[in-house]
Amino acid sequence: MNRTQLTTTADLTREEVDFLIKEAESMREARHTDDLKGKVVATLFFEPSTRTRLSFESAAARLGASIIGVADASTTSTKKGETLADTIQVFDKLADIVVMRQPTSGAAEEVIKYTKKPFVNGGDGANQHPSQALLDTYTIHREAGAIDGKTIAFVGDLKYGRTVHSLLYLVSLYDIKVVFVSPEELKISEKYTNLLKERGVEYEETEDLSEAVKKSDIIYMTRIQAERFEDPREYDKLKGCYILDANLVKQGKESLKVLHPLPRVDEIATDVDELPQAAYFRQVENGLYMRMGLLKYLSSNYNE
Amino acid sequence: MNRTQLTTTADLTREEVDFLIKEAESMREARHTDDLKGKVVATLFFEPSTRTRLSFESAAARLGASIIGVADASTTSTKKGETLADTIQVFDKLADIVVMRQPTSGAAEEVIKYTKKPFVNGGDGANQHPSQALLDTYTIHREAGAIDGKTIAFVGDLKYGRTVHSLLYLVSLYDIKVVFVSPEELKISEKYTNLLKERGVEYEETEDLSEAVKKSDIIYMTRIQAERFEDPREYDKLKGCYILDANLVKQGKESLKVLHPLPRVDEIATDVDELPQAAYFRQVENGLYMRMGLLKYLSSNYNE
Amino acid sequence: MNRTQLTTTADLTREEVDFLIKEAESMREARHTDDLKGKVVATLFFEPSTRTRLSFESAAARLGASIIGVADASTTSTKKGETLADTIQVFDKLADIVVMRQPTSGAAEEVIKYTKKPFVNGGDGANQHPSQALLDTYTIHREAGAIDGKTIAFVGDLKYGRTVHSLLYLVSLYDIKVVFVSPEELKISEKYTNLLKERGVEYEETEDLSEAVKKSDIIYMTRIQAERFEDPREYDKLKGCYILDANLVKQGKESLKVLHPLPRVDEIATDVDELPQAAYFRQVENGLYMRMGLLKYLSSNYNE
Numbered sequence: 056m057n058r059t060q061l062t063t064t065a066d067l068t069r070e071e072v073d074f075l076i077k078e079a080e081s082m083r084e085a086r087h088t089d090d091l092k093g094k095v096v097a098t099l100f101f102e103p104s105t106r107t108r109l110s111f112e113s114a115a116a117r118l119g120a121s122i123i124g125v126a127d128a129s130t131t132s133t134k135k136g137e138t139l140a141d142t143i144q145v146f147d148k149l150a151d152i153v154v155m156r157q158p159t160s161g162a163a164e165e166v167i168k169y170t171k172k173p174f175v176n177g178g179d180g181a182n183q184h185p186s187q188a189l190l191d192t193y194t195i196h197r198e199a200g201a202i203d204g205k206t207i208a209f210v211g212d213l214k215y216g217r218t219v220h221s222l223l224y225l226v227s228l229y230d231i232k233v234v235f236v237s238p239e240e241l242k243i244s245e246k247y248t249n250l251l252k253e254r255g256v257e258y259e260e261t262e263d264l265s266e267a268v269k270k271s272d273i274i275y276m277t278r279i280q281a282e283r284f285e286d287p288r289e290y291d292k293l294k295g296c297y298i299l300d301a302n303l304v305k306q307g308k309e310s311l312k313v314l315h316p317l318p319r320v321d322e323i324a325t326d327v328d329e330l331p332q333a334a335y336f337r338q339v340e341n342g343l344y345m346r347m348g349l350l351k352y353l354s355s356n357y358n359e
Numbered sequence: 056m057n058r059t060q061l062t063t064t065a066d067l068t069r070e071e072v073d074f075l076i077k078e079a080e081s082m083r084e085a086r087h088t089d090d091l092k093g094k095v096v097a098t099l100f101f102e103p104s105t106r107t108r109l110s111f112e113s114a115a116a117r118l119g120a121s122i123i124g125v126a127d128a129s130t131t132s133t134k135k136g137e138t139l140a141d142t143i144q145v146f147d148k149l150a151d152i153v154v155m156r157q158p159t160s161g162a163a164e165e166v167i168k169y170t171k172k173p174f175v176n177g178g179d180g181a182n183q184h185p186s187q188a189l190l191d192t193y194t195i196h197r198e199a200g201a202i203d204g205k206t207i208a209f210v211g212d213l214k215y216g217r218t219v220h221s222l223l224y225l226v227s228l229y230d231i232k233v234v235f236v237s238p239e240e241l242k243i244s245e246k247y248t249n250l251l252k253e254r255g256v257e258y259e260e261t262e263d264l265s266e267a268v269k270k271s272d273i274i275y276m277t278r279i280q281a282e283r284f285e286d287p288r289e290y291d292k293l294k295g296c297y298i299l300d301a302n303l304v305k306q307g308k309e310s311l312k313v314l315h316p317l318p319r320v321d322e323i324a325t326d327v328d329e330l331p332q333a334a335y336f337r338q339v340e341n342g343l344y345m346r347m348g349l350l351k352y353l354s355s356n357y358n359e
Numbered sequence: 056m057n058r059t060q061l062t063t064t065a066d067l068t069r070e071e072v073d074f075l076i077k078e079a080e081s082m083r084e085a086r087h088t089d090d091l092k093g094k095v096v097a098t099l100f101f102e103p104s105t106r107t108r109l110s111f112e113s114a115a116a117r118l119g120a121s122i123i124g125v126a127d128a129s130t131t132s133t134k135k136g137e138t139l140a141d142t143i144q145v146f147d148k149l150a151d152i153v154v155m156r157q158p159t160s161g162a163a164e165e166v167i168k169y170t171k172k173p174f175v176n177g178g179d180g181a182n183q184h185p186s187q188a189l190l191d192t193y194t195i196h197r198e199a200g201a202i203d204g205k206t207i208a209f210v211g212d213l214k215y216g217r218t219v220h221s222l223l224y225l226v227s228l229y230d231i232k233v234v235f236v237s238p239e240e241l242k243i244s245e246k247y248t249n250l251l252k253e254r255g256v257e258y259e260e261t262e263d264l265s266e267a268v269k270k271s272d273i274i275y276m277t278r279i280q281a282e283r284f285e286d287p288r289e290y291d292k293l294k295g296c297y298i299l300d301a302n303l304v305k306q307g308k309e310s311l312k313v314l315h316p317l318p319r320v321d322e323i324a325t326d327v328d329e330l331p332q333a334a335y336f337r338q339v340e341n342g343l344y345m346r347m348g349l350l351k352y353l354s355s356n357y358n359e
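The listed protein sequences correspond, in order, to chains A, B and C.
Residue numbers are given in the working numbering: position 284 of the first sequence equals residue 339, and the series is strictly consecutive.
Residue numbers are given in the working numbering: position 131 of the second sequence equals residue 186, and the series is strictly consecutive.
Residue numbers are given in the working numbering: position 151 of the third sequence equals residue 206, and the series is strictly consecutive.
Quick caveat, the hints were computed from the structure, so don't treat them as lab data.
Some clues are possibly wrong.
To be verified - For lysine-lysine, the following BS3-like pairs were computed, each having C-alpha atoms within a straight-line distance of at most 27 Å: (1) B:92 - C:92; (2) C:168 - B:77; (3) B:214 - B:172; (4) B:252 - B:292; (5) A:292 - A:308; (6) B:270 - A:92; (7) A:252 - A:232; (8) A:305 - B:77; (9) A:168 - C:92; (10) C:214 - C:171; (11) A:168 - A:232; (12) A:246 - A:305; (13) B:305 - C:168; (14) B:242 - B:168; (15) A:92 - C:269; (16) A:77 - B:270; (17) C:171 - C:232; (18) A:92 - C:308.
Since the model is a prediction, treat every value here as computed from it, not as a measurement.
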């Protein structure tokens, strides 16, 4: 509980996650605070991600911090041949807290070798996106009333989906059941089923979305990402394979809630948006409060 | 007078415009206030427009707000296939006020179907640019001492010029005369001459700039925009058709004032810049105060 | 000492530089102040430079200012044919202080013909980068304990290296010796050796880095910039010509300090990073405090 840097969900404890959920709840109450007054937060998005960047920036602003940032890799010194090690050693001098997104898997672990400043991995390639996983966990907690005892279905691209992988580390800290729903080509890897086994979490795998909807408390939908496929025909074959619409949602429990990390393409039909089950836009707002709590937590543990 | 969203000048009343002019004047006095302290303003420019974006951002900053923003469409989720409806439902969770520019005509009306938050259309394609029209109206008021009783000439591209169209809705709320000066190919459409007729505003159409200068109190120059022409030869033929220089300006009334939404290319010669008639750079500063007044007005009417 | 605009180091006096070094030191103590509270700083980077932009933005934020900015020329009105004169006359209405980077040599001198507002040249093409030179001078002062009496070696691209040129104007205000180390093709121009002669500064020119290391108190390394060469074979021939590694550094005085404006490619081996001689990352932090001092100084001399 004296963490100053967050690169992965793999080493977060249940105690920390519960603490951060409470922090997020208290940020929701406060709306804005002075916790980071006089601090400068750097949002270094060397791979563009407008919603994640703006969520962190809004969170930082609501904590009273100032923001400096990079929205786009195309304007940076990496083009001039600079290493990631040098880049972080420059920018950590200019900021009190660094949030970095990088297209390279493992970049966050590399970066923290060179900086002691509070640091959040804002997504590093196909590897990790821990603040997304925290806000997803917080949303499950809020929407379902609790995490323990729930059945959570993960649907879509379970092979490449970074948000699913990051989230599995967190929900598996709780007493849950998991249903994996994917086509054969995009099924969850052994790395993650082994994680669930180690942590004693029951899971099943299926290709049948309808069946999963009926038995779940939470449906976590994901987009099948064109950019992950080398062969566009493979993508075309799979992209429409799971579509959740209002009819299907209504076959589930009344208390069912649907999450999605967004953006969606067509995997959730817009007729779901009106239903109380649609939690994905509330999830965005939850992200703001969770990131406020996270920035405050990491910063408060740092002594210059 | 309980407006929270501004997408078009078409439904603004004279009462509102007069109120906003007074607000702008009081912002000029104050220079900076705490009216939006603790608020987050999102400037979402999905089509680049540096001067409009920075004007809104400076206005927001001078009201004490924090700013999050997108300067460039190329880095956003619309590329991943997201709809405008989803985009606004994400970003309105992160901000207290949204300013959006969109290349698509009608985008602003579409957007407000999905958000209740204070919203300003920062320009939607060839359609509307209401904050520009408000600052233009404010500038006419300041430079001419009043709007009632004045003759206003609109010069250049009256067919495609969005700022002219937006402005006509506002000045026609006053007791004015209008002179339209354009080549045949770029003349004002019936939609707008009908508007003037309905509102009882006298107007005339001419191709003779010199004649218009002599009888007007305000000359509103516009740039002929290359990007509006499919055939570059058509653009080349028309681009230099009206050039206002110091000699021409001096043929007008001593109290004549020249406005331009900027950027200009060569339609106003630089020898006009030194003259007291040149109001176009003061117009930029007026825009700052008008946008401060506008953001305050929309925000103060919003109850969460 | 009543300066409001800084375009070049050529007209800075020793009194001013000493004053700014003291200001930087006091900013280091304070970390953040309210000197620019309620002010808006515009960072207009019409040529991208992430580290310079973020350094100015962090400095402005730590002085309590708000920031508006352009990170990239591709989204601006110069594309629509606007002149630099018009551009500055627009943006100086929106901001209280303007920092501008421009790819064109001499752009800063052109700009200040059209604005009275506090202005800093953030780099104009191959011409000047005065805030970098100030932070370099401040770093020499801090790392060597004083500037008078020191021997400073400049290494690498002395022909095109803008930072070297800007810095020579400042260090030649002190009682120093200079060693120029470069291949024949990249040697320092007469313009700068003449400057040293006029100011009575002793200098020598050599191609031997090892010899220079032994006799110097400060080594100022530079990157050989691919973008300065029309013929890529010329670049390939010269790029690796001087590499400073830990072995070489250890041949120098124990008190030797190594500076670099960054980014580096391979001209300083990473085994130098661990040595106390490596001052280049501390130099980045010094830049933050120097820019705080500079913005405060220029702003405090301005009366609206």
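Are the Cα atoms of residue 252 of chain A and residue 232 of chain A separated by 27 Å or less? holds (11 Å)
Satisfaction of hint between residue 77 of chain B and residue 305 of chain A, Cα-Cα up to 27 Å: Judged against 27 Å, a Cα distance of about 53 Å means the pair is violated.
Going straight from one Cα to the other, do residue 252 of chain B and residue 292 of chain B come out at no more than 27 Å? Between residue 252 of chain B and residue 292 of chain B the Cα gap is close to 32 Å, so the pair fails against 27 Å, i.e. violated.
Residue 168 of chain A and residue 92 of chain C were given as a pair; does the straight-line alpha-carbon distance stay at or below 27 Å? violated (36 Å)
Given the hinted pair residue 168 of chain C and residue 77 of chain B, is their Cα-Cα distance within 27 Å? violated (34 Å)
Compare the distance between the alpha carbons of residue 171 of chain C and residue 232 of chain C with 27 Å, and conclude whether the hinted pair is satisfied. Violated, at about 38 Å.
Please work out if residue 92 of chain A and residue 308 of chain C have their alpha carbons no farther apart than 27 Å. violated (43 Å)
Mind checking the alpha carbons of residue 292 of chain A and residue 308 of chain A for me, to see if they're no more than 27 Å apart? violated (30 Å)
Does the structure keep residue 77 of chain A and residue 270 of chain B at a Cα separation of 27 Å or less? Violated, at about 69 Å.
Mind checking the alpha carbons of residue 214 of chain C and residue 171 of chain C for me, to see if they're no more than 27 Å apart? Violated. Residue 214 of chain C to residue 171 of chain C sits at ~33 Å, over the 27 Å cutoff.
Would you check the hint for residue 305 of chain B and residue 168 of chain C, treating anything up to 27 Å between C-alpha atoms as holding? Holds, at roughly 25 Å.
Within 27 Å, alpha carbon to alpha carbon, are residue 92 of chain B and residue 92 of chain C? Holds, at about 13 Å.
Violation of the numbered hints given earlier is confined to hints 2, 3, 4, 5, 6, 8, 9, 10, 11, 12, 14, 15, 16, 17 and 18; the remaining hints are satisfied by the structure.
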